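4 protein chains.
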Amino acid sequence: MISLKKRFYKIVYPSDSRKDPNFTFDVVIITLILLNVLAVIIESVPEINARFQRGFERFEIFSVVVFTLEYLIRLWTCTEMEAYKKPVTGRLKWSLTPMALIDLLAVLPFYLPFIGVDLRFIRIFRLFRIFRLLKIARYTSALYLIRKILVNKKEELFVTLLFSVSLLIVFSTLMFYAERQAQPEVFTSIPKSMWWAVITLTSVGYGDIYPITTLGRILGGLIAISGIGLFALPTGILASGFSDEIAKRKNPGK
Amino acid sequence: MISLKKRFYKIVYPSDSRKDPNFTFDVVIITLILLNVLAVIIESVPEINARFQRGFERFEIFSVVVFTLEYLIRLWTCTEMEAYKKPVTGRLKWSLTPMALIDLLAVLPFYLPFIGVDLRFIRIFRLFRIFRLLKIARYTSALYLIRKILVNKKEELFVTLLFSVSLLIVFSTLMFYAERQAQPEVFTSIPKSMWWAVITLTSVGYGDIYPITTLGRILGGLIAISGIGLFALPTGILASGFSDEIAKRKNPGK
Amino acid sequence: MISLKKRFYKIVYPSDSRKDPNFTFDVVIITLILLNVLAVIIESVPEINARFQRGFERFEIFSVVVFTLEYLIRLWTCTEMEAYKKPVTGRLKWSLTPMALIDLLAVLPFYLPFIGVDLRFIRIFRLFRIFRLLKIARYTSALYLIRKILVNKKEELFVTLLFSVSLLIVFSTLMFYAERQAQPEVFTSIPKSMWWAVITLTSVGYGDIYPITTLGRILGGLIAISGIGLFALPTGILASGFSDEIAKRKNPGK
Amino acid sequence: MISLKKRFYKIVYPSDSRKDPNFTFDVVIITLILLNVLAVIIESVPEINARFQRGFERFEIFSVVVFTLEYLIRLWTCTEMEAYKKPVTGRLKWSLTPMALIDLLAVLPFYLPFIGVDLRFIRIFRLFRIFRLLKIARYTSALYLIRKILVNKKEELFVTLLFSVSLLIVFSTLMFYAERQAQPEVFTSIPKSMWWAVITLTSVGYGDIYPITTLGRILGGLIAISGIGLFALPTGILASGFSDEIAKRKNPGK
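Chains as they are written, first to last, in full-length UniProt numbering: chain A, 1 to 254; chain B, 1 to 254; chain C, 1 to 254; chain D, 1 to 254.
Check each hint, because a few of them may be wrong.
Repeated chains share a single entry, so a pair holds when one copy, or any two copies, can fit it.
To be verified - Below are the BS3-like pairs computed for lysine-lysine, each with C-alpha atoms no more than 25 angstroms apart in a straight line: (1) K85 / K148; (2) K93 / K250; (3) K6 / K192; (4) K154 / K248; (5) K154 / K5; (6) K86 / K154; (7) K86 / K10; (8) K10 / K192; (9) K154 / K85; (10) K10 / K85; (11) K86 / K192; (12) K154 / K250; (13) K6 / K85; (14) K5 / K86; (15) K6 / K93; (16) K86 / K248; (17) K5 / K93; (18) K5 / K85; (19) K93 / K248; (20) K248 / K148; (21) K192 / K250; (22) K148 / K86; (23) K5 / K250.
Note that these hints are calculated values from the structure, not bench results.
Model, not experiment: these values are computed from the prediction.
Build the full structure now, drawing on both the sequences and the hints.
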């Protein structure tokens, strides 16, 4: 006979149960999370908030109750897993995993209104649970492939990032010295100049801050052209990563 | 001897006739569609509309007559196709296909000016007829190749899209909480903040809305850099898809 | 003994002379063209033009004399080539080649000041002669490779372009109907809306024209995201083209 | 017994010492450089500078002393290297290498305050020493791979750059003639027009300068679309470069 804890465990940790995983609970929770995310988004519109404030409050209470129950059941049944077997230290270890912390922080602000800090924005991070849905569909292999390539190519990508950041710092400093005379109230400091540099290097270009001197424009043109490399390098790295991985699957012996 | 219906069928459905497809009719219709699109575009310029209003009206009547005839002939001859063989239910089935519905919606507003719906809205659908252009292109292997790769890689592309949308929602929410104090009339709500996020993530950067606080700028820089990944990932996926497909064609045995 | 015409021919058409090509003349002419381009650029700066007007005028006369002589010698000696062998019709045929026309249009405005139209901007097209310099250096194979891939992949690139243009027209029209009520003086016509669409789809985003209604922003977000595809598709096509060409060179038998 | 010079040499040139390289000194110096870069950045913020001016000055003196000692020890011990063996000419040759010049220029302004020119921005170039850190970590192979591909593909990349620059000059000139009548105070000269062109071609699009005439907008749309090619070509080149290099590593015989 199967214990109550084991049954609950199978429900709240479906992916860990080897056979007959039941994703119903996961789908329900993720739907509730998505509704919560939607609530956070539309609640921020003043007109909507004014009209449906009562509804949002009720939905909030309902969600927090469900999420709290989920958290408690997970905390209770996590000892079924090999890694968190010990009743006390196992549960403590589990409660310090990133996902458990986000789950706790998602409900805690409701119970601790007196702590002053508004931690409700943490709830938005639960959105990433949406990726659990991929387990149900057949998208897992795609997700796994993308993650594998990012891990395989992490060194090349890190070097690209390091080079970009160095370029960004050097250009920001040069630009600050080039423009601070002409636009003292725009290029006020190097951190401000770095904001300009990152927005130019990524080719966003808001237009709130841009060079007006000849030297500044030459530097600006150079960093804009460097931005092309910033797009081309990681793309080339990832493209070869994908090709490589697909080739490996075909000729596993190689 | 070939019946009249079969002859018409061969003219209006050239791609379904196996041998000797005659594209003359298709070219005429698509030219007329392109002229219609051109008319819609230049008609919107007030000065041009004021001068050539009469010409536009006549061209409209002529086009609608031709498109109506085309629709009726298609409806009449569609029973030649295996899928729509039955006189009544077959024709009904055909008339509910997306292409047939668009064709109907392209001419219907002209005959039903008395119905209470906003007619101008329906008229826009006529513009989708431009996608018939792709019908000609369908015969080139290029379109087939692109579509095949998009279908092959749909899982990877979907995961990328899902990740991008999640990122967009998370950053929009964080940005709203970071900027609403400093710019309450700009970052008015999370949906507004999402507009900022999508325009930044795609590296468009209009400059109508951008962060001004230090925290906001750090978040903005992070999402701008994430935008590079949003370009690099699908490009890498598609690049490997094209390479793979070309390799397959050479070594079909593999 | 070699005739005078043959000698001149060898000088002005170095790449057509099989052995011992002498590029001295080409280098001199291209240097003069580059100096002309530089003159056109810096002449446009009012302060510089005011100070060195006399010098620019003299340089102009000198350049036109040299370019005219070059043109006449080419016209005279072109009959040495198999394709333009006949004295009259051959020379006429040569003078109608694009490069000869640009060469003629580059000097003609000087002799025909009374024709009224300012054709001096045509001179800038001679800049593309700079690619002749690549013949001298060892960059020819790179230029040839890039051109070959663009030709090989022209169908895929054309389908991408066709799809982009269709998308652009459809979104421009929808955007015009979505925004013209809210911003009648900004979205004045569909051509104006197309300017917005092309600047958004290419992720430039000047910020002179952007949607402000909810529907317009949704459309704007969709076209901005489509822009990622517009970058990813040709990049993927070209990347596979380069890989394919390199693979061919290694295994020519395949 | 090992001489003092040899011992110092081993410390300041760790990568040249074949066995038992000791990177401690490198890590210390690079940390100090990073702290200097950080100081340059935050020192530029007026509020921070006002409060910690004394601290920055002291840190400056400390840094310059360390960097001067490092420079002198390097100058003294460089004769241990084969290339700079001769006491006088060898040291002179070493002091004229780019890295040695940057090291000298990084400390010189401190000792020569009377030279008038503010050379402190040169110090920022020392930031690139950060790449020495990669030697310690295992990122060297990634850095080496990226550099190798950039070198391998330098011809294709150079042709792309040459073509982009030509396009930029041609479009800038055409745009100047198209817009100078409508916006004489914006498109003041061709160099100004080139600033517009580079910001559009790289898809940054600040919005400080953009065409308003119909012809100007058509040119602007064309250059914006050309910008896609400017991203696609180098990306395709690099992607094939990475794929090629990875394939080579697997089948070294090929």
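Okay, which hints does this one fail, numbers in order?
1, 2, 3, 5, 6, 8, 9, 11, 16, 19, 21, 22 and 23
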